[in-house]
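Below, each chain spelled out in residue letters.
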Amino acid sequence: MYIPMNEMLKHFKQDVPTMANITHKSEQWSPYHDNSGTVLAVGIPGAVIVAGDTRLSNGYNIMSRDATKLSQLTDKCVLATAGQYADFIALRKFLQQRLQLYEFQNEVQASTETVAHLLSRELYSRRFFPYYTFNLLAGLDENNHGFVYGYDAIGSYDKMTYGVQGSGQELVVAVLDNQLKGYNKINKTIPQTREEILDIILDCFSCAAERDIHTGDNVEILIITSAGTERLIKPLRKD
Amino acid sequence: MIDFDPSSFGLAHTYQKEDKDEINTLALPSAPQVIYKSLNGPTQINGGNKLNNFKHGTTTLGFVFKEGILLAVDSRASMGSFLSSEQVRKVIEINEYLLGTMAGGAADCQYWLAYLANHCRTYELKNGSKLSVAAASKFLQGILIGYRNSGLSMGCMIAGTDTTGQHLYYIDNDGMRLKGDIFSVGSGSTYAYGVLDNHYKYEMSLNEAVELGIRAIYHATHRDTASGGVVRVYHIHQNGWTKVHDGIDVVDLHYQFAQQKGLVGDGDEAKQRLF
Chain A
3 MYIPMNEMLK HFKQDVPTMA NITHKSEQWS PYHDNSGTVL AVGIPGAVIV
53 AGDTRLSNGY NIMSRDATKL SQLTDKCVLA TAGQYADFIA LRKFLQQRLQ
103 LYEFQNEVQA STETVAHLLS RELYSRRFFP YYTFNLLAGL DENNHGFVYG
153 YDAIGSYDKM TYGVQGSGQE LVVAVLDNQL KGYNKINKTI PQTREEILDI
203 ILDCFSCAAE RDIHTGDNVE ILIITSAGTE RLIKPLRKD
Chain B
31 MIDFDPSSFG LAHTYQKEDK DEINTLALPS APQVIYKSLN GPTQINGGNK
81 LNNFKHGTTT LGFVFKEGIL LAVDSRASMG SFLSSEQVRK VIEINEYLLG
131 TMAGGAADCQ YWLAYLANHC RTYELKNGSK LSVAAASKFL QGILIGYRNS
181 GLSMGCMIAG TDTTGQHLYY IDNDGMRLKG DIFSVGSGST YAYGVLDNHY
231 KYEMSLNEAV ELGIRAIYHA THRDTASGGV VRVYHIHQNG WTKVHDGIDV
281 VDLHYQFAQQ KGLVGDGDEA KQRLF
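Residue numbers (this note's numbering), protein chains in the order written: chain A, 3 to 241; chain B, 31 to 305.
Be aware that a few hints might be false.
Stated by the list, open to error - Straight line, CA to CA, 27 angstroms or less: simulated DSS-like cross-link-like pairs of lysine-lysine:
no.	chain 1	residue 1	chain 2	residue 2
1	B	LYS231	B	LYS273
2	A	LYS161	B	LYS273
3	A	LYS161	A	LYS187
4	B	LYS273	A	LYS183
5	B	LYS168	B	LYS156
6	A	LYS161	A	LYS95
Stated by the list, open to error - Just a few of them, taken from the derived set where beta-carbon distance is under 7 angstroms, the chain A residues facing chain B:
no.	residue
7	TYR126
8	ILE156
9	GLY157
10	SER158
11	ASP160
12	GLU172
No lab work stands behind these hints: they were computed from the structure. Even glycine gets a Cβ: it sits at the ideal position worked out from N, Cα and C.
So that you can see chain B by itself, here it is in the shape it has in the complex (with noise of 0.2 angstroms):
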């Protein structure tokens, strides 16, 4: 008799399945094996278990605009409730007409993003033309969806230029592959699709987007604990990208947008002497 039990199929007329033999077939090729499921450190002090607080915690966006992508990202990286610091550079630059952010886990991100970057120069070496932008963000999808339910947290965007013009990509560690025009990722993207959204033109000029970006940023960074530091803002255009600025601290930001409005930027602007 033909054994029509689904997990045989295909081998079902050649094989006899017997009960001692384990039919282990088409197995895809496994991500490294997650040998050691429950990292449980030893508990600490403030209740954290140090080795799965890898840093998280930011706010990142990116927008595509008349005069191509502006990107904006905060530099805070927190480990638990701790500031590991407030420097880190959350846009990777893969190659030089290739941008990346980084929000989740900062190894993974870093890590992931020099492998697309290598692979990227490899490409441009064996075939004489640049890899497009479509490609590079689905050759990472492809290794996110391998590492699926490993662990692993990104939530990138790949924004760059090719030939077909100026692109923005949204990568999940979870495999999503979006493309888009406006995008925020991160614990404080909230706030910064508030701005966004409300003040989006898509022929804004460049120093109105990158207006844009820094305020954005900024809200976030003023309502969310996790995001801050600086803002660090890059524009993509057809000829690869710009550093716009490389860090202006959100707290001058603080004080420069209340004195536009008039406020003095204290947070007690009705006297309430609460404090």
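This is chain A alone, in the form it adopts within the complex (with noise of 0.2 angstroms):
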């Protein structure tokens, strides 16, 4: 087979064709993994139901079926994180220290609004190396009626009854769009009860477990009161 010499020369740093010369093309290191997950957050007056699964994977393997993606900042609001674990660890310690002193300095906790400002500013200040991450904040604001925040990978914030975030986004969401707020519903029937839209989560969880290979093992549920926090955890699909 005859190559010629241009074309060879190509695959040479320089022009002497030896085997120590020879470089190929590898893929350059990321610091970037998707531990994946779906996380999920609804907020009804009076509370915030806020749901994740606990399945940590790395491509095709798992690495963990009990990792929490939910962490509780403050009496009244939970952050729940979809992405990277590491950068939701990170992005978690930040927030309780930062949270803790706001405590000491001003000896009342942060309300919800100002812990979904203080995480947007978190990641905007990493604007050109982000956290991995896309978070929920969801919280009682101060009429204690039930609130979510959804977040980009870069801080952009929205306030919103409810929010999807991770690798059953895309699946879930159309289903609370219909259950939640009746969009293409016929018959309009929008739930009241929290049991009603915890049955409802629940679904959501078992049909993203079905059809998301990154979502199953349990669902941990954290449903904040004024009253104080609950939680709950439910199996999931293990395969």
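Assembling the complex is the task here: the two chains are given apart, and the hints tell you how they should meet.
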């Protein structure tokens, strides 16, 4: 097989075709890893329900079946993160420390709106080397009404009544749009009680676990009310 | 011998350039270092790169008329082909006399317009008078020139009122700043321009202007996949700004406009039974 010299020389660092000078394209190391999973949060008058699956994956491997994606920052708000677990831990650490400092200085815990703004600023401070995190900040506002703030990787945020992030986002958010807002429903029945919404959330996770390889194992649910926090764990498919 | 090499201008007669020395002079304060140039996250199933798919795709418009300035925006935010939100607020209330619209990267617009708001308030406290729209837009332009080529994405309009009247500026991440009468920004801007340029008159009344703004946004959302959701309309007048419409669903507008023309709005007006 004849290979033209100039074609062969393209693969050598210098113009001397020896074994020592062979180069090959290698995949550049990336600091980012997607540990996936799905998180969602729904706010209703008087409470906010945050749920996240507990599977930690890396490509096709499951690293842990028991890794929480939820982090309670103050009595009234919870951070739920999908994306890179290392960045979630770093972000959580920063927020916990900063909020503790806030509490010492102001003698009162930060409101959910304040935490939301703080998170946005922290994410934007890394505008050129982002946290690979897709966050939901769920909490009670001043009137104890539950709201969710949804973020992108660099900190743009919006107040919403429900939000989904993670690998199962596309699967789950369409279900929530239909069930909680009544989009495309002919007989619009919007769930009013906490139990109905909890049912819908569990259904969403079951659906996500069926069709998304990165979601499964268990779903951890935190229900935040002015009376306190309740924690539930429900099993999901482990395959 | 004096060295007339342009790179050592100003220092030539006092400094003998040696091989080992690197002259590092008059460097402008650099933007935050782009530490990791290729933000290639793990490849996703749909081929997109989640990290760089910040919220893009929009239609925003603004125009000056005899009663002030009208701003109309859509509310869709897309991350690649996924709609992350249909309820985004693309008009950012900087303060009671300045509004900014958001197009391009949502986080960039939110952050830098909030930064501008901070600056305006500080100026007002220090100087006892409000910052003019021209100065506020120029301040933002200065920041964006500093971050040129760093990957920021912003195409925003600054509209506001000051002692000289109501003014509309377009600011770009390349550092462009344009004063004008009609602007439309975003992926749906071409459709909006078509409607705007067709019916724009300076002597419009407020109702006519609102109707025009809504119609232009509707047409953009109808044809542009990256625009949609609801239409939000703001009016800037000599006493500040007013939110005229907080969110009119474009789906409702579609059937409303079709009805006005005597049509059904189902896309099969010629009754060819296409589907």
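Okay, the hints, checked on the actual structure:
1. LYS231/B - LYS273/B: holds, 22 angstroms
2. LYS161/A - LYS273/B: holds, 18 angstroms
3. LYS161/A - LYS187/A: holds, 24 angstroms
4. LYS273/B - LYS183/A: Answer holds: LYS273/B to LYS183/A is near 24 angstroms, not above 27 angstroms.
5. LYS168/B - LYS156/B: Roughly 19 angstroms separates the two Cα atoms, so the pair holds.
6. LYS161/A - LYS95/A: Roughly 23 angstroms separates the two Cα atoms, so the pair holds.
7. TYR126: holds, 5 angstroms
8. ILE156: This interface hint holds because 4 angstroms falls under the 7 angstroms limit.
9. GLY157: Hint holds; GLY157/A Cβ to chain B Cβ min 5 angstroms, cut 7 angstroms.
10. SER158: Check passed: Cβ of SER158/A comes within 4 angstroms of chain B, closer than 7 angstroms.
11. ASP160: holds, 6 angstroms
12. GLU172: holds, 6 angstroms
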